[in-house]
Every structure is written in C-alpha cells, then in structure tokens.
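The lines below spell out each chain.
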Amino acid sequence: MDIFKEIAAAVESGDLDLVKSLTEKALARDVSAEEILNKALVSGMNVIGEKFKNMEVFIPEVLVSARAMNGGMEILKPLLIKANVKFKGKVVIGTVKGDLHDIGKNIVAMMLKGAGYEVTDLGADVSKEKFLDALQKESADILGLSALLTTTMTYMKEIVAALGSTDLRAKVKVLVGGAPLTEAYARSIGADGYAPDAALAVDLANSLLGKA
Amino acid sequence: MRIIDDIPIRFDIDCVRRGLRISEEKLPPDNLRELVQAAESLIRPRAIFQIAYVEERGPLSATLDGVTFTSKVLAAKLEGVEKAFPFLITIGSELEDAGKASGDLLRQFYLESLGDEALRQAREYLGSHLVKNYGLAGISSLSPGSLKDWPITEQAPLFSLFPEGGGIGVRLTGSMLMIPRKSISGIFFPTEETFFSCQLCPRENCPGRKADYDKSLEDKFR
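Going down the list, the sequences are from chains R and U.
Read in order, the letters of the first sequence correspond to residues 1 to 212 in the working numbering.
Read in order, the letters of the second sequence correspond to residues 1 to 222 in the working numbering.
If we strip away everything but chain U, and leave its shape as in the complex, we get (with noise of 0.2 Å):
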C-alpha cells in the first residue's frame, strides 16, 4: 500500500465562479476569495492505493488480491489486465465540518462545492501518479456506487483491501457511507481509451456528468 499526502490541490478563481454559476454582484470577488482560502486551510488531501493483480475473470466478477467483485463492467473492463490499482481519497473532515459550524447554509453550499473539486483534482492527480510511476498507456476508474451494475454495497469488498481506513482516516459505515463523507474509493485501471462510467449511466441533469451517456455502450452490458 502506498499513502500519498502531497497532492497538490488550485483553485482556479474563474473556474470555481463558472462551476458554482454565479455572478461576481452576488459573490463579489473579494468574497470567493475569502472562500477559496478558507477551503484552501481546510483541506487535507490524502490518498491510499494498491497494486492488485487480477486472480481470475468471469463474465460477472472479477477477484484481485483474493478479494472477488461482482460487476459486469469492471469485469469486462479488467480484461487482458495484469494489474489494477484499488484507492481511497479523502480531503478529511475540516472542510464539511466547518461548513456546517458556520450556520450558514450558503457557505456550507460553496465549501461543499469546492470540496468536491478538491477531490476530482486528487481522483486526477492519483490517476496521472499511477500512469507516470507504472508506465501505463491510459487510465481510467470506476467506483462502486456509481452504476447499478456496481453497486454501493461492493464497497465492503474494496474497504476489505484497505484495513483501518488505509492509514489515511476513511473508514466505512454500516450502510456504506464513508466518513469523511468527502471521500472517494474505487478501481483505477490501464486502459487505450479513457472510460467513465456517466458513459452508462443515463441520468438526466447530473451535475457531476464527465462523459455524454452513451445507450449503445449500455445495452452491451445488459
């Protein structure tokens, strides 16, 4: 297993204004300031990883390091693969507890937000780590919980790779929520062509879409 805990996280100022949408008369410049610095001395990034070979491969599952998933899409997904890469990242508790304190409901709603980009740009820096240190052509990722086919409930199985919260504080709840709920787990794994699972998905209006669905592409795996 190995902890990184040196991940860079910016803050684009225009970036944030254009993700949160909202105009510089109702968050004045000097105010996102002042919370893209507050976010900043919140954070923790951290993250926890593992090379895991792929045991076996079935049309349904697939067993890496002993412990077997049960997902048609990883399993395709795994194919031909020697050696994948389970994660946990967290950017800790600060941030969304801070959010909370503060009684606001607003701030509680832009600290949220930028949270979440502290994650997305630690899932990238983990991704970019792994291609760089492995020597893998192209990366992508999936996490249980994000598609019916894999459900949140094969989070049990991908904590079981991480005991103790990996050493970097995540710990899973009886009804599979991670705490610091600002967390993220999955499968990192080498790929030609980048996959996201929002390929498969066909909800509508999902603010956290990274690909256009892709219906074709789902029915393969019906």
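If we strip away everything but chain R, and leave its shape as in the complex, we get (with noise of 0.2 Å):
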C-alpha cells in the first residue's frame, strides 16, 4: 500500500498519532510536504466528505477526520510556507454580528480547510467592516457567511451590498449558510451560493472556482 493510500485511510479512520507518524515518515523520503497534503491529508478527507453526504457518517466522524488531518497539516504547515505552496483557494468565514452561533460554522471552516483552502475564521459577531477588512488583508477568493436567526440573516444583505460597493466583488464569491437560509434566500441578497450543510459548502467552494 502506497505511503499517501496509508495516510488517506489513517484520515479516514481519524488515527491522529498515524497521521502524524505516516507525515513524517513521508517527509523523511523525501515526498514533498504538497503531495503529502493533496495525494493523502486532502484525499483521505474528500471520502470522508462523500460519506457524510451519503449519510454514511455524521458529525463526530467527520470532526474526529479532520482532527487526525489538522495533525498532518501542522507539520506539514511550515514547509508549504517554505515552499510557497499555493492553497486550492483562500477563505474569509464568519458568524454575522448579532449572532453568536458559530459551530456550524466552525465545521465548515474545518471542511474547507480539510478540503485544501487557507481559511480565516473571524469568529462571531462580526461587522461588516471587519469581513471586508479581512477579504482585502487575505486577497481571499470566497467569502462565508453564517447566520442561525432570521433576525441576523438579514445582515449578511447589508454585507453582501458593501462588498459590492468595493472592486473585491469581482473577485470574491460569497457563499452563505445557517438554519434559517435557503437558496431562495441566498439569490434575493445576491450571494453567490447556499449550502445546507459543510461538506455541501465544499463542493460549492469547489464549484465557484472552478476547483471540481
């Protein structure tokens, strides 16, 4: 069995001491730290996605996956620095202010970064100044938006109007998600994308950048 096939089961089966020792056993013959990351740690979590959307697994699972990935991740972290290793996209993800909701969210920014993006997690309660000031520090490519009450979702309109007020919005999809959103919805403030759920939020990622 290849080393990156070991690594990607060691994900799927969220062995965290595994993952870590089979990165360090790849780095030590010389498999560049960006194989390891898209051939095993991205590969292992892509089944991990599919089976969550199959319903094969659920939550926990894929909580318990992308713990054993982030553990390949962190060493592998400072050489993708190093070797100035481009990340499938860049990320901007927050909980709208007024709402202090944040697991859901939590879990998608652990999907995407599972799935190969860079992703800066604002936290909750996060102004519209603060998102915009985070896309243009980042030069992101995808905002995310999370909102869980229908007294909070109507910010993300008041976001998504000053985004485009802005020369990003030409280069920043917004993909927005929460309980009470719909794709309905999404369109009406013209967000780009409505995902349901996290591993939903990573084909769509996948999508708007044309990363399928």
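Simulated from the structure, these hints should not be mistaken for lab results.
By construction, the Cβ of each residue, glycine as well, lies at the ideal position given by its N, Cα and C atoms.
Treat the hints with caution; some may be incorrect.
Okay, derived cross-link-like pairs now, DSS-like style, lysine-lysine, Cα gap no bigger than 30 Å in a straight line [as the list claims (entries may be wrong)]: (1) U:K26 with R:K20; (2) R:K82 with R:K211; (3) R:K51 with U:K26; (4) U:K26 with R:K25; (5) U:K148 with R:K97; (6) R:K53 with U:K210; (7) U:K100 with R:K51; (8) R:K5 with U:K26; (9) U:K148 with R:K53; (10) R:K53 with U:K26; (11) U:K210 with R:K137; (12) R:K39 with R:K86; (13) U:K100 with R:K97; (14) R:K90 with R:K128; (15) R:K53 with U:K215; (16) R:K173 with U:K100; (17) U:K100 with R:K77; (18) U:K100 with R:K130; (19) R:K20 with U:K100; (20) U:K26 with R:K39; (21) R:K77 with U:K26; (22) U:K100 with R:K90; (23) R:K51 with U:K210; (24) R:K88 with U:K100; (25) R:K53 with U:K100; (26) R:K128 with U:K26; (27) R:K157 with U:K148; (28) R:K157 with U:K100; (29) R:K128 with U:K100; (30) R:K157 with R:K137; (31) R:K77 with R:K211.
Computed spacing ranges between beta-carbons, pair by pair [stated by the list, open to error]: (32) R:S21 with U:R33: 23 to 33 Å; (33) U:D65 with R:E74: 48 to 58 Å; (34) U:D30 with R:P78: 29 to 39 Å.
Dock the two chains into a complex; use the hints.
As structure tokens, this is what we get:
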C-alpha cells in the first residue's frame, strides 16, 4: 500500500497519531509536503466528505477525521510556507454581527481546510467592516457568511451590498449558510451560493472557483 | 413567578452514544464517560415560569396577562384555555464556555450536544411539573422562532413577562438571541393531545425534529 493511501486511510479512520507518524515517514522519504497534502490528507478528507453526504458517517466522525488531518497539516505547514505552495483558495468566514452561533461555521471552516483551502475564521458577531478588511488583507477568493437567526441573516444583505460597492466583488464569491437560510434567500441578497451543510459547502466552493 | 432550580438531568450513556451516532472505536467508552461527567459538572439547569391568564383571543393573536402575542397557531391552541405558562429555561453558560475554551472543535461539539440533551430534559421536567402541580390532563408548548407563524421577534413580548431575565440569568439581545445560548423560551399550555410545532414545519433533515410534518395540519393554519 503506498504511503499516500496509508495516510488517507489513517485520516478516514481518524487516527491522529498514525497520520502524524506516517506524514513524518513520508517526509523522511523526501516526498514533498504538497504531494502529501493533496494526495493523502485532502484525499482522505474527500472520502469522509462523500460518506458524510451519503449519510454513512455523521458530524462527530467528520470531526475526528478532520482532527487527524489537522495533525498532519501542522507538520506540513512550515514546509508548505517555505515552498510557497498555493492553497486551493483563500476563504474568510464568520458568523454575522448580532449572532453568536459558531459551531456550524466552525465545522464548515474545518471541512474547507480539509479540502485544501486556507481559511481565516473571524469568529462570531462580525461586522461588515471587519469582513471587508479581512477580505482585502487576505486577498480572499471566498467570503463565507453564517447566521442562525432570522433576525441576523438580514445583515448578510448589508455585507453583500457593502462588498458590492468595492472592487473586491469581482473577485470574491459569497457563500452563505445557516438554519434559516435558503437558496432563494441567498439569490435575493446577491450571494453566489447557499450550502445546507458543510460537505456541500466544500462542493460549492470548489464549483465556484472552478476547482471541482 | 416560580423558579425551579433542582432540575435533575441524567445522561444515559447508551442514549448519548446513539444520539451522537459515533462508534466505540472512534469515541471509546472511557472518553464518553469523561465527557458526560464534564457536562454534568458544568450544567446549571434552572427554569422560571408564570401562570398567565388568557385575557383575549382572536384568530391572529392572543393576549396573556396584558401581553399580546401574534400567532395564528398559538391563538388556535389557546382556544378554551384559561391559563397558560410562559417560561424560560437555561443550563447556564459554563458548558458552552468550557467547550469554546478547550480549543477542540470535537470536544465543543460533544459538550454542546450534551447541553442540548440537558435542555430537552429540563423542558420535559418543567412540563411534567406543570401537569402534576396544576392538575392538567396534558401539556404542549410553543416557542417563538420555531415556526414562521410565530417569529423570533416575538421573543420580545415573551421576555417582557420576565423582567431582569426572570432571576435565572437569561437576557435577550437586540437580535433576539438568548444569552446564555443554551436557553429556551416559550409558552406551555394545556392540551388533550400533545402538539409539536414540528408537525407544521416542512424543514427536511432537521436534527431537532420531534414529530413528523403534517401538511394537512399546516394547511389549516394558512
């Protein structure tokens, strides 16, 4: 079994220690950090993402695998930075102002990282100014907005409008999610997409950036 | 107003595991037990309710103790009801704070799931308490925000019945978010047949669903 498949299998089974030791083993064999990331870590998380979409596994197992994947990522990170490896895309994500719900957003952030995106998570109760500043600073490709209340999801419209009045809008794709949201609402506020769960958020990000 | 602060919460390990849908391989029994013990030490369940008289009722609203709630469903459910029981329940903020502070998303998820279960048990306990102490045949509840018909903005009139968070430390923000987040609110009312707002909600794949969606029932309230 090649080392990439071994690492991917360890990610799938959520074995953090094994992912770390195999990642070190692969590096010792002069396998590039980029190859380990894409052919092993991301590959393993892709399988978990598909299983989640098919309801073969649920959130806890996704998180167990994501934690294992992250263990490998931490080892690779300095090497990826040194080699100037580009991530699949850059994402700025946050829960909108007035809303403190964050666990769904955190899971989406984790799944996007697992899929090879660089994610800047602004946390909860985030103003439009803070979102725009981060998009500018990170040269982000995607803005992810989360809201869990009908009273806070309306703020998404303000954020999209504020983004629309800048040059950033041409480059940034806006994804929205959260329990009260729908595809129709996303379209009505000018968002580029709506994802009902974390796995579909990854698919949507890939599709919007042409990375499918 | 009555405060109940001796709400017993019991986590059944097997039920918790089934609810989390995770194998023993991925979450060994000792780890699950540790999570349950952590949750038990962190939750502070307490409830407040009051007896509110239905003073007026129309097709679109009902007035309880001088406070008018706009909801066809609530108004319909209060037909023939003399008194209802607005309530607030919380498990405090200690559990969610601990989950966040851990910096471990998986632990946060587990603890929040246990928090949801604790809230569910606390609601059930309050319902049983009302049935037993007020001689009711049965009881149901509705919460603002659970249906389009009774939107979350109706939290404001509900909270007007509980000044200063009712003495159990729950406050409402300008965006209608309850702090601590692990809190629920609503109105209990006597019913012969148990009613769940889920029966009127078409949302698919909802982890909180308590009853099947009944379109014909929903149509009655259009």
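Structure-based check of all given hints:
1. U:K26 with R:K20: holds, 17 Å
2. R:K82 with R:K211: holds, 24 Å
3. R:K51 with U:K26: The hint holds at about 16 Å.
4. U:K26 with R:K25: It holds: about 24 Å lies between the C-alpha atoms, which stays within 30 Å.
5. U:K148 with R:K97: holds, 22 Å
6. R:K53 with U:K210: Distance ~23 Å between K53 (chain R) and K210 (chain U) Cα, so the pair holds.
7. U:K100 with R:K51: holds, 27 Å
8. R:K5 with U:K26: The given pair, whose Cα atoms are some 20 Å apart, holds under the 30 Å limit.
9. U:K148 with R:K53: holds, 28 Å
10. R:K53 with U:K26: holds, 19 Å
11. U:K210 with R:K137: Cα-Cα ~45 Å, so violated.
12. R:K39 with R:K86: Holds - the C-alpha atoms of K86 (chain R) and K39 (chain R) are around 15 Å apart, at most 30 Å.
13. U:K100 with R:K97: Holds, at roughly 19 Å.
14. R:K90 with R:K128: holds, 18 Å
15. R:K53 with U:K215: holds, 27 Å
16. R:K173 with U:K100: Status holds; Cα separation ~29 Å.
17. U:K100 with R:K77: With Cα atoms ~24 Å apart, K100 (chain U) and K77 (chain R) stay inside 30 Å; holds.
18. U:K100 with R:K130: holds, 21 Å
19. R:K20 with U:K100: holds, 25 Å
20. U:K26 with R:K39: Answer holds: K26 (chain U) to K39 (chain R) is near 24 Å, not above 30 Å.
21. R:K77 with U:K26: holds, 26 Å
22. U:K100 with R:K90: holds, 24 Å
23. R:K51 with U:K210: holds, 26 Å
24. R:K88 with U:K100: Cα-Cα ~28 Å, so holds.
25. R:K53 with U:K100: holds, 27 Å
26. R:K128 with U:K26: Violated - the C-alpha atoms of K26 (chain U) and K128 (chain R) are around 39 Å apart, more than 30 Å.
27. R:K157 with U:K148: holds, 20 Å
28. R:K157 with U:K100: holds, 28 Å
29. R:K128 with U:K100: holds, 24 Å
30. R:K157 with R:K137: Cα-Cα ~22 Å, so holds.
31. R:K77 with R:K211: holds, 21 Å
32. R:S21 with U:R33: 23 to 33 Å: holds, 28 Å
33. U:D65 with R:E74: 48 to 58 Å: The hinted range 48 to 58 Å holds for D65 (chain U) and E74 (chain R), with Cβ atoms some 57 Å apart.
34. U:D30 with R:P78: 29 to 39 Å: For P78 (chain R) against D30 (chain U), whose Cβ atoms are near 34 Å apart, the range 29 to 39 Å holds.
Figure legend: structure checked against the earlier numbered hints; hints not met, in rising order: 11 and 26.
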